[in-house]
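Those sequence lines, one after another, are chains Z and E. Numbering-wise (the working numbering), the first sequence opens with residue 1 and increments by one. Numbering-wise (the working numbering), the second sequence opens with residue 1001 and increments by one.
There could be a bad hint or two in this list.
Coverage of chain E stretches by chain Z, computed from C-beta distances (three or more under 8 Å per stretch; other residues unrestricted) [what the hints assert, rightly or not]:
id : stretch
1  : 1016-1028
2  : 1060-1069
3  : 1096-1104
4  : 1108-1115
For lysine-lysine, the following DSS-like pairs were computed, each having C-alpha atoms within a straight-line distance of at most 27 Å [what the hints assert, rightly or not]:
id : chain 1 : residue 1 : chain 2 : residue 2
5  : E       : K1057     : Z       : K41
6  : Z       : K41       : Z       : K52
7  : E       : K1124     : Z       : K41
8  : E       : K1064     : E       : K1124
9  : Z       : K41       : E       : K1064
Computed, partial: chain Z to chain E, Cβ under 8 Å [unchecked claim]:
id : residue
10 : M25
11 : G30
12 : A33
13 : P38
14 : Y40
15 : A60
16 : L85
17 : G86
18 : Q89
19 : Y99
20 : S100
21 : L103
None of these hints come from the bench; they were simulated from the model. Glycine included, C-beta positions come from ideal geometry on N, C-alpha and C.
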Amino acid sequence: MSDPASNTGLFGIHAAALQLRGARMGLIAGNIANAATPGYKARDIDFAAALKARLSGAGADQATSAATRYRAPVMSSLDGNTVELGTEQLAFGENAVGYSASLSFIQSRVATVTRALKGE
Amino acid sequence: MAGPMTLFDLARGGLSAQLVRMNAAASNLANASSVATTEADAYRPLRPVFAEQLDTKSGTSSVKVTGVYRQQATPVRRHEPGHPLADANGDVFAAPVDENAEMVEMLDSSRQYQNLVEALSTAKQLMLDTMRMK
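Use the sequences and the hints to build the structure in full.
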């Protein structure tokens, strides 16, 4: 098993990417759950920054917490909540597609290696 | 809670908070036409208050209901001498429930509930795909 933090292991960049996509999914789901909480500030992960930090050797927790940003609302509500459902749905969908893409790369890598092992 | 908060814990918190909100709106609607003899006895609308519940281990935040409070609203005084609950002046005090506001509250709550269920089912599907590696 290769270190997920390296870019050269069995799964390349996708092991680290999948881990970060999972963390981002939790954060955005938290935003959606807090859509009615007064004073709640929506947060998101700057994915590019988190991936860069992860690939240069930072731990998964450290990389995500350092790249977590507050979302700038288009129009903030009176109760101080900055969750905008459209924005969050879009971010969640985009993240889910990214997650699926990374997962597909990993799966095809596993299939390739399995085929090579079986010698078919 | 033991261990870090999972997506399922997070969604459970959100769904039950929205359910409390929907129940409060339903109670308010049900009591929209209730009357009382004195101003103090009149029904006052219920309002749940939400707060963020941050899990420092995983960095995700769920929701909790910190309490359900009575809204500070003045009951509507109506002159109905024939009413069995009328006071000495022939007045009754009606509940200050705004039906339109309650309907909007319920719609908003159910939209947010649906949203969370949708997000959870996407996340669950991705988890299953990862587990099966299919």
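How the hints compare with the structure:
1. 1016-1028: holds (count 3)
2. 1060-1069: Held - the stretch 1060-1069 of chain E has 4 residues with a Cβ nearer than 8 Å to chain Z, which meets the minimum of three.
3. 1096-1104: Answer violated; 0 residues pass the 8 Å Cβ test.
4. 1108-1115: holds (count 5)
5. K1057(E) - K41(Z): Holds, at roughly 19 Å.
6. K41(Z) - K52(Z): holds (25 Å)
7. K1124(E) - K41(Z): holds (25 Å)
8. K1064(E) - K1124(E): holds (22 Å)
9. K41(Z) - K1064(E): holds (16 Å)
10. M25: With a minimum Cβ separation of about 6 Å from chain E (threshold 8 Å), the hint on M25(Z) holds.
11. G30: holds (4 Å)
12. A33: holds (3 Å)
13. P38: holds (7 Å)
14. Y40: At about 5 Å, which falls below the 8 Å cut-off, the nearest Cβ of chain E leaves the hint on Y40(Z) intact, so it holds.
15. A60: violated (11 Å)
16. L85: holds (6 Å)
17. G86: Violated. Min distance 10 Å.
18. Q89: holds (7 Å)
19. Y99: holds (5 Å)
20. S100: Holds: closest Cβ of chain E sits about 7 Å from S100(Z), inside 8 Å.
21. L103: holds (6 Å)
The structure fails to meet hints 3, 15, 17 from the earlier list, while all remaining hints are met.
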